[in-house]
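J.: Using the sequences plus the hints, can you model the full thing?
Each chain is listed here by its residues.
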Amino acid sequence: MAPHDLRRPFKRPAISDQQRRRELSLQRQAQNRRDAQQHARCLASTLIYLHSPHPESTSEPQVEVEVEVETEPEPEASASEIDIRQASKLKGSQARKWFARQLMLPEWMIDVPDQLAQDWYVFARPAGKRCFVVSTNGTTVSRLRNGSRLHHFPSALPNGARNRDASGSAQSYSILDCIFHESDQTYYVVDMVCWRGYSLYECTAEFRFFWLNSKLSETGACDPPSQYHRYRFSLVPVYSCDQPGLSAAYTGEAPYVKDGLLFYNKHAHYQTGNTPLALVWKDENCSQYVIDTDSKGQIPSQQLVVLELQDNGSLTTSDDPPVVFGCLDGGFMQKSGLCSGNLLRFAIGNGGLSFADGKLEKADLHYLGKSNRARAFADSYSKVMFQYMARHSPIRYDDLIGSISSSIDQENKPSNVQMDG
Amino acid sequence: MAMEVTQILLNAQAVDSTLRNQAEENLKQFQEQNLPSFLLSLAGELSNDDKPVESRKLAGLILKNALDAKEQHRKHELVQRWLSLDTSLKSQIKACLLKTLSSPALDARSTASQVIAKVAGIELPHKQWPELIGTFLSNIHQLPAHTKQATLETLGYICEEVSPDVVEQDEVNKILTAVVQGMNSSESNNDVRLAATRALFNALGFARANFSNDMERDYIMRVVCESTLSPELKIRQSAFECLVAISSTYYEKLAPYIQDIFNITAKAVKEDEEPVALQAIEFWSSVCDEEIDILEEYGGEFSADSDVPCFYFVKQALPVLIPLLLETLLKQEEDQDQDEGAWNIAMAGGTCLGLVARTVGDDVVPLVMPFIEENITKPDWRQREAATYAFGSILEGPSPDKLIPLVNIALNFMLTALMKDPNNHVKDTTAWTLGRMFEFLHGSALETPIITQTNIQQIITVLLQSMKDVPNVAEKACGALYFLAQGYEDAGSSSSPLTPFFQEIVQALLTATHREDAGESRLRTAAYETLNEVVRCSTDETAPMVLQLVPLIMMELHQTLEAQKLSSDEREKQNELQGLLCGCLQVIIQKLGSAEPTKYVFMQYADQMMALFLRVFASRSATAHEEAMLVIGALAYAAGADFAKYMPEFYRYLEMGLQNFEDYQVCAITVGVVGDICRALEDKILPYCDGIMTQLLKDLSSNQLHRSVKPPIFSCFGDIALAIGENFEKYLMYAMPMLQSAAELSAHISGADDDMLEYTNSLRNGILEAYSGIFQGFKGSSNTQLLMPYAPHILQFLDSLYMEKDMDDAVSKTAIGVLGDLADTLGGNAGPLIQQSVSSRDFLSECLSSDDHLIRESAEWAKLAISRAISI
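Chains as they are written, first to last, in the UniProt record's numbering: chain L, 1 to 421; chain C, 1 to 872.
Derived from the structure by calculation, the hints contain no laboratory data. Every clue listed holds true.
With a cut-off of at most 25 Å between alpha-carbon atoms, the simulated PhoX-like pairs for lysine-lysine come out as follows:
| id | chain 1 | residue 1 | chain 2 | residue 2 |
| --- | --- | --- | --- | --- |
| 1 | L | K215 | C | K863 |
| 2 | C | K57 | C | K94 |
| 3 | C | K64 | C | K28 |
| 4 | C | K270 | C | K315 |
| 5 | L | K266 | C | K863 |
| 6 | C | K234 | C | K57 |
T.: If you want it as structure tokens, here you go:
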């Protein structure tokens, strides 16, 4: 038994470059395998709902993008994904226009959907500015609903800052649907649209929330701000819309100031523009802004609406198809220098809105003037209706709770019948 | 039955090669024709005192080689062969071996000791030689000294050979008693004492119970410490070796003895001969290793239930230990930097100082700085070198706050020394120290940079100049540049402070690789490694210059392939260079491939590159093959579906790689490349799948292939299934039983050691990745029912993994993901099965609340998929 060799490495790095290359290769392969696997899982989950009928899949409007290339019809490819890549090259007003159309806009809840407990999520909407947050190429930009830029900053989102991020190429995009909450300078993430280049437009809300919950925190985006991470991101607690869920969202503590409740249909894809599969509802207990205020923060005595002037002089909402609220005559248009496409402000007079067979028949509109230039859209029908109802006969929290319990009762009925048989 | 083999054995050692070959042939035939007689003849030869010692030694050696081999598969065969031999034959052989221990011939005794240990290594775990240790120890006191020495030596070898759990505590006690008595000063024979001391070294692993007993431990420690004072150098050296082993095996028991040990080691470092002094320093290095591990593991926070607390021995010894180590630094040998194998007290002392700095951090600095200040400007090169080495050694461990002000002062001095010091040894250490500064104190994580706009120009100029110095200095300068570049890896995608110097740096590195003497001091390798790091850390700005490297490196690779009529030595060098060039191209491909515009440009070289890589496979060097495979994997990843056009030509090398059992690293990398190609080609890989699957299945069934390749092969099944989807159908009948039996084997592994557990977990992970890939591959096809029959077993596998509670995080993550994939693909059909499984409840809920976000993510996925499967 000879003495044992006790030489230690001397003036040498602990690991050879070849070994390092080998390990980097293995890491890359393992990462690629994970990505491929996750991609497969993501695709798989979308497939499940592809064949089930959804209102939005039939009437989904082709997203219009002011981009010159790519008009070749590719039925299977996700149109949204292609658009995102091209939109990345847009600048200035074009970018603003594009992003303005990309948010999914909830309708206001003017009646309570069936199956609320089964098919819907609910969460308390943070008060603040709704925006898209886009991270790519080492930087992060947030854009408001009208497409204008809110912040330009480094973040811990994928490719969101100029520091090394081993996974994925620098060009890959992540897009989050957020609300910026001023008082704690935090982006509350309400939805995930695109993650590391994978589009989630075609995924159900159920999947998007799952993905959001699992992916966001791993990036460190939820950590407190630091040099390469200017703003904190935070998840919003999302509940199944059963009685405990609804009550948690409505009365539960939240780290942010609440502004109403948002309801998301679990099976709905991320649809840009107005959609009835996402709904917003408010009352005085969960929002400071139930009834619209004017620029001075006062509630005007009359309800104000913004409508879009069409070629034929009709005044419409931003819905698709638009709902007509009234009509301007050509003489008035000429005299006031108005042309089609203008957004105009009106007050609803004492005549109010009148309905026939559940449809709007007549509105008592009084012209006030052109709307603020920052506005990109007219009001939606549901918004006008919700505001109108809020002033006259609002949907109350008890109505929501009631709808959940009555649907449970209904569910029980058929089984009782079977028992008798 | 025994045969006369003396002459053959002597001939086998003859100078005349004809005679030698003939004899070797005879021995081989004899062994093949009649193994029992062959072995018995050898044992007889070894035990016969009338025979020449040369033939006896060789007989013992051949016997030993008939019992053990390095290669695992061969080893297993030999063990089985021995176990199956006739018991009486084995008894005869063993009797011969034991008898030899009393031989007057030292070489015969020593050889017999080793053979006995090999037999014991086979038989003791099978409870087949239960009397062995008893026989040894019954009369050890009455034995003549030479037999006692041989017996103790044998005990040492046995302890080295067998694992502690096959020896009863009762026997361990006897062994230790005999060994420690043999070491005791009452033993007058030095050979016996040396054999006993060396035996103790191997027996320490058996002595856990004895080390827990205060009285026994005190006794052992006293005897070991006394032995360090023996007049015999080898005994002192061996006794210190025991102390080193004790410091790592029984760190937690050292406290009562540390003061004495400190005195003993200090005296040895100062006064004793080098082999002893080196062991004495090693004791402290080993204590540092232990404390670094403990402190890292617990982050300095000790709770009552921490396994081993840190006793801060090093911190306490600091005031005396540091001067002791600094003293050793002045004992350098001339030219130690040119000698790869050198190891002396100055090197050991400096290494230990580095470990001390890592152990105690800031406290080391004030104790070392006066030495540096006093010596760094002295006329004697030894003093300057020692001071520089001391500084370089303490750069890892102390806080940047403490070090940066010192480094800011030292940096300029070092740069000047690297240019102007007349001594190569000083320059070597200076360049190394600069490298350490950049390694530990330069990078985006540090608030105050030591490299600034003002000094970067000078630093780079000096380093590039230094690359023209003698090879060992140039190599260290490359190393310093490596870390300088690495510090800018977070610079971002657009601009790096290195950009203005990029061209110059690359040029200097390429020049270094072309130096006539680049083969010395691994200069060429270091220059390429640095080039790789410079490329890895480069930014978009310098992408055009990286692109220019592509044809340049390709040309170099081309030249190595054209070289004709090389001597075997030259060929080896060519192969090494081919490996380096492939490695460099791999890094470039990964860099340029990560951005679309540069990828587009370099892909124009892809055809030529691929042609060169394929030619590298003509060489016989495993390293070159490995590197060629790695770079092809990188190219496949960058090329995506376009890689299909290379497949017809590449396929045979792929198959060759998968068949390379001998160089299993090549095989392992090839398996990884199959995965790359699957993801690149997707279903276009289908035409090659029959061949690949056949090869992979063969690999799995082979006993010869290193086991570490098997887990990635299973993962590779998953890659293939994901790529070709339901076309995997035809492989199901082969792959599934293989997966199933591997799953059964890996589900329960009670009593395995850490290595085995780690391996088993990697195997489980591979199996589970295969299942995931197969399920997801079949998803949405009309053939999912084909997977239904496998579902019960897979769920059972998941359940048993969960019950065993010895999964690591990676396995938990993959396992819970498989549950989701199964539910996702099989849907409602598997609903009832899933609901019955423990995994879908307890395991899932455990994973849902895991701290590991990757596990949570997979669990969320599984939850979603299960809820759908159940609701349908």
